[in-house]
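*Asks:* Model the full structure from these sequences, guided by the hints.
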Amino acid sequence: MIGNWKKMNLKKRYINRILCWIKKINIKKCCIVGDNTVFDFYVSCRYDYKYSISFGNNCVLFGNYHTQDNGIIEIGDNVTVRYNTRIGAVNHIKIGNNVIISNNVTIYDNNNHPTSVSERINICNNFFDDDVWKWKHSRSAPVVIEDNVWIGESATILKGVHIGKGAIVAMGAIVTKNVPDFAIVAGNPAKIVKYLNQ
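Numbering-wise, the sequence shown is residues 0 to 197 according to numbering that gives the first Met the number 0.
Incorrect hints may appear among the rest.
[Unchecked claim] Cross-link-like lysine-lysine pairs, in silico, DSSO-like; alpha carbons within 27 Å at most:
id : residue 1 : residue 2
1  : Lys176    : Lys28
2  : Lys176    : Lys190
3  : Lys193    : Lys164
4  : Lys49     : Lys28
5  : Lys190    : Lys164
6  : Lys176    : Lys164
7  : Lys49     : Lys93
[Stated by the list, open to error] Okay, the calculated beta carbon distance ranges per label pair:
id : residue 1 : residue 2 : range
8  : Lys193    : Val116    : 34 to 42 Å
9  : Lys190    : Lys27     : 34 to 42 Å
10 : Tyr41     : Cys123    : 16 to 24 Å
11 : Gly186    : Lys27     : 20 to 28 Å
12 : Ala140    : Ile191    : 14 to 22 Å
13 : Gln197    : Ile122    : 13 to 21 Å
14 : Arg138    : Asn63     : 34 to 42 Å
15 : Thr175    : Asn102    : 20 to 28 Å
16 : Ile99     : Ala140    : 20 to 28 Å
17 : Asn110    : Lys49     : 36 to 44 Å
18 : Thr79     : Cys29     : 34 to 42 Å
19 : Thr105    : Lys49     : 32 to 40 Å
20 : Val192    : Cys123    : 17 to 25 Å
Rather than coming from a laboratory, the hints here were simulated on the basis of the structure.
In this text the structure is predicted, and so the values were computed from the model without any measurement.
The beta-carbon is built from N, C-alpha and C at its ideal position, and this holds for glycine as well.
*Replies:* Right, dumping it as structure tokens:
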């Protein structure tokens, strides 16, 4: 019984590796991909312009990556992005080296949709017009995540935020303002709860 389970498990892992290898080949057709970077089979990359998304060396990547218009996503070396994470740019998102991004994290450099009532009414009245749904109609500002940052599960990073090196964003935090180097932030909106010893 255990022997059969091991065989099935090995077969499953082998098939998964082949599928991930195929996914990497497909992603390389539209994104810049560094050496030894591994993609989960369910990774999604959507873009308006080829090569607007770049991944560094030695990354392990799950999640969804989406750029619109002239948006750019840059991910450094040795970065881990876990399941169901969404990263979306119409402006610029830059993630440094040695960053851990946990499951279900959301990082957007824009409001996703306009905030004015008249513009939202326009969206409702023109539901089938793809252009009204574009992020270019919403406010945006670059997001920077420095080296050695850890972002906890289900955290949200909003437009214009700069997260300093070595910082930790706690689980479920909603980050609306800059985070200093080596700070731990938690809550909604995220506030500094502690500083790490350097």
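*Asks:* What hint numbers does the structure not satisfy?
*Replies:* 1, 10, 11, 13, 14, 17, 18, 19 and 20
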